[in-house]
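Residue numbers (the working numbering), protein chains in the order written: chain A, 1 to 408; chain B, 1 to 290.
Check the hints yourself; a few may be wrong.
Unchecked claim - Here are the computed lysine to any residue pairs in the SDA-like style, where the Cα-Cα straight-line distance is at most 20 Å: (1) A:Lys256 x B:Leu136; (2) A:Lys379 x A:Gly356; (3) A:Lys195 x B:Gly153.
Source of the hints: derived by calculation from the structure; they are not laboratory data.
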Amino acid sequence: MATSDDKNLAFRATLARGLVSRRSLMAGAGGLGLAALTGCGIQGRNPGGGTAATTPVAKAAEDRSATEKIINWSNWPEYIDVDDKTQRHPSLDTFTKRYGIKVNYTEDYNDNDEFYAKVRPLLAANKDTGRDTWCSTDWMVARLIRQGYVQKLTLANIPNHANIEDSLVTVEFDPGRLYSMPWQSGFAGIAYNPKATGGKKVTTVDQLLTDPALKGKVTLLTEMRDTVGLVMLAMGKDITDFTDADFMAAIDEIKKAKDAGQIKGFTGNEYGKPLSSGDTAACFAWTGDVVQLQADNPSLGYSLPPTGCTLWSDNFVIPALAQHKANAEKLINYYYEPEVMAKVVDYVNYISPVRGTKAILERIDPDVANNPLIVPNAKTLSMAHVFRGLTSAEETKYSQAFSELTAG
Amino acid sequence: MPYALLAPGLLWLIIFFVAPMITTLSTSLQEGNVDDGFVFTGNVAIYWDALHAYWPQLVRSLVYAGTATVLSLLLGYPLAYYIASRRGRAKNVLLVLVIAPFFTSFLIRTMAWQSILASDGGLLVKVLGWLHLTWLFDAFGNVLQFLHLSPNGEILYSPWAVIWGLTYNFLPFMILPLYTSLDRLDGRLLEAARDLYATPRDTFRFVTWPMSLPGVVSGTLLTFIPAAGDYINSRLLGNTQTVMIGQVIDSQFLRVLDYPLASALSFVLLVLILALVTIYVRKAGTEELV
Chain A
1 MATSDDKNLA FRATLARGLV SRRSLMAGAG GLGLAALTGC GIQGRNPGGG TAATTPVAKA
61 AEDRSATEKI INWSNWPEYI DVDDKTQRHP SLDTFTKRYG IKVNYTEDYN DNDEFYAKVR
121 PLLAANKDTG RDTWCSTDWM VARLIRQGYV QKLTLANIPN HANIEDSLVT VEFDPGRLYS
181 MPWQSGFAGI AYNPKATGGK KVTTVDQLLT DPALKGKVTL LTEMRDTVGL VMLAMGKDIT
241 DFTDADFMAA IDEIKKAKDA GQIKGFTGNE YGKPLSSGDT AACFAWTGDV VQLQADNPSL
301 GYSLPPTGCT LWSDNFVIPA LAQHKANAEK LINYYYEPEV MAKVVDYVNY ISPVRGTKAI
361 LERIDPDVAN NPLIVPNAKT LSMAHVFRGL TSAEETKYSQ AFSELTAG
Chain B
1 MPYALLAPGL LWLIIFFVAP MITTLSTSLQ EGNVDDGFVF TGNVAIYWDA LHAYWPQLVR
61 SLVYAGTATV LSLLLGYPLA YYIASRRGRA KNVLLVLVIA PFFTSFLIRT MAWQSILASD
121 GGLLVKVLGW LHLTWLFDAF GNVLQFLHLS PNGEILYSPW AVIWGLTYNF LPFMILPLYT
181 SLDRLDGRLL EAARDLYATP RDTFRFVTWP MSLPGVVSGT LLTFIPAAGD YINSRLLGNT
241 QTVMIGQVID SQFLRVLDYP LASALSFVLL VLILALVTIY VRKAGTEELV
């Protein structure tokens with residue numbers, strides 16, 4: 001048995017180094033008597049074991065930006081300014097008018113994991129994804145960079161790169177923002193419907209997880225970093241620097257609440273409807289969503305827990321083999337003009353990553369400018385934390401534990 | 001030469017059934033992670049791990065799907081019988097009504113039940129309110145709680161809501177085959193039974209039911225198999241205690257990126273369903289059907 005294991009290991013090593021072609025893989029595995037079964041291994045991106053030194057580099061395609069005046073941009077639903085009358089996106093129209101570049105704007109980014117599952121096979125096979133840019137959440141950007149699926153930005157094409165808010169430039173997963181630039185940021189905190197809580201405010205994570213008045217009417221987010229992050233913060237842990245034990249302790253805490261019947265479910269951004277109707281009394285929720293929900297239902301409450309909240313951004317990245325990289329960079333540069341970003345923020349109500357947006361918002365929409373959830377003050381920002389980047393092994397371990405919680 | 005006629009069907013089966021099955025089996029026996037790639041190691045232990053960790057969800061899926069199938073049969077049989085007994089225009093209208101929900105997406109139809117069953121401002125509670133029958137809503141919730149089909153007397157987000165969603169969504173798959181076999185039922189047989197002094201009950205038991213058995217078998221299969229793998233109903237209408245195996249596979253595949261475990265679970269589900277279906281079809285003894 002040992003020899004076969006050794007052989008197997010050696011075989012895997014050669015395979016990992018890419019020395020074995022698919023055909024010899026078949027022949028070699030034939031020895032195991034299961035040739036048919038082994039014909040379809042799944043390629044990885046990090047030959048040599050996932051150390052930073054071997055981070056693969058994303059391939060660039062021949063840039064057709066000069067001849068094909070288009071950009072294919074995938075983004076999350078309802079995440080850009082919309083003209084209520086024409087249902088068009090004014091900021092995109094202005095861009096097209098100014099540069100003569102058409103933007104194929106597709107709202108097909110519903111979920112980081114789902115989107116990753118959709119593009120990974122193409123990226124792994126060195127194929128064009130048909131997209132020039134999309135907006136991924138921080139941790140997904142970390143993974144995409146780690147796996148070499150996104151290209152370095154050509155900063156010469158993005159002079160407005162200097163406009164990124166200081167707090168967002170030195171992020172752990174992309175120091176100096178060489179691969180990614182934030183599109184919108186937001187906090188995860190607690191939203192509640194006073195009608196369903198009996199007029200009670202829900203201000204702390206502890207209350208959310210234990211208050212009998214909320215029993216069976218609480219939802220948490222399927223975004224692991226927000227849900228576990230908020231709970232870890234409530235337990236007094238530092239989410240920018242924590243251990244396995246800290247993480248698992250938070251999981252246990254959530255499990256306790258779940259087993260006690262406190263938690264009804266885990267949701268993506270579909271928590272809005274039940275929250276508005278009162279079927280959900282209180283939940284973890286994202287700022288921009290809640291500001292938008294409050295427009296229809298002003299009684300909804302939102303609190304950033306005193307123990308701290310999570311801060312996340314969705315970031316522009318340019319995938320490997322994108323066909324119109326220079327055009328995409330022009331687009332990113334355009335949105336980094338404070339006037340342009342101010343219009344988007346005024347509509348989507350998330351937090352602008354662009355310096356100078358606040359002054360413009362104060363002029364065009366003082367209500368928005370004075371909303372601490374959209375234009376947070378220094379005190380609020382000091383309570384917000386970014387979940388630290390995870391290694392590949394941690395990512396697997398943690399999401400396994402979290403998945404047993406959400407689907408178990 | 002007649003075998004050549006089999007080719008398109010065989011090819012279809014090979015490409016869309018046999019090949020994916022082999023891929024799934026192969027993936028389940030690999031080890032690795034997304035960064036370093038997955039390599040075949042013949043790790044059979046994964047099946048033990050998968051079953052050990054997720055047998056409750058597997059059993060729950062089969063129980064929910066089974067219950068939904070029985071409910072569909074109870075609801076679908078009288079309706080199919082009635083449609084088959086109509087003639088002309090009425091029959092066509094009724095058939096279109098059965099199929100009409102398919103014009104709306106599965107997801108939307110399931111979400112609609114959220115709006116119907118919601119205890120706060122849901123359609124059901126509103127209608128009952130107009131009729132001054134709100135107590136009925138609460139009573140139903142209490143009955144569900146008593147039967148352990150709802151954790152806190154809520155109608156939505158309970159095991160009952162999941163089973164109900166499954167029943168609703170797969171009901172047409174039950175009605176259509178039932179209708180087909182009941183429609184072919186020779187009216188003269190029923191006449192003969194009556195002439196021979198069979199009670200309506202005996203007529204049903206010895207004529208109608210046996211004659212409709214092929215419809216029953218294919219209807220139950222068409223309902224049970226997709227219902228067992230469904231993960232939308234439990235996600236939208238259930239709570240944290242109603243998780244079905246489809247949700248586990250979804251989260252293992254998309255979120256955890258543990259492709260081998262997800263494949264192992266899929267394969268187990270496939271084998272379980274195949275086994276159950278084989279036993280069922282043997283018992284039902286309708287060789288002419290399968």
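A quick look at each hint next to the structure:
no.: 1; hint: A:Lys256 x B:Leu136; verdict: violated, 33 Å
no.: 2; hint: A:Lys379 x A:Gly356; verdict: holds, 19 Å
no.: 3; hint: A:Lys195 x B:Gly153; verdict: holds, 19 Å
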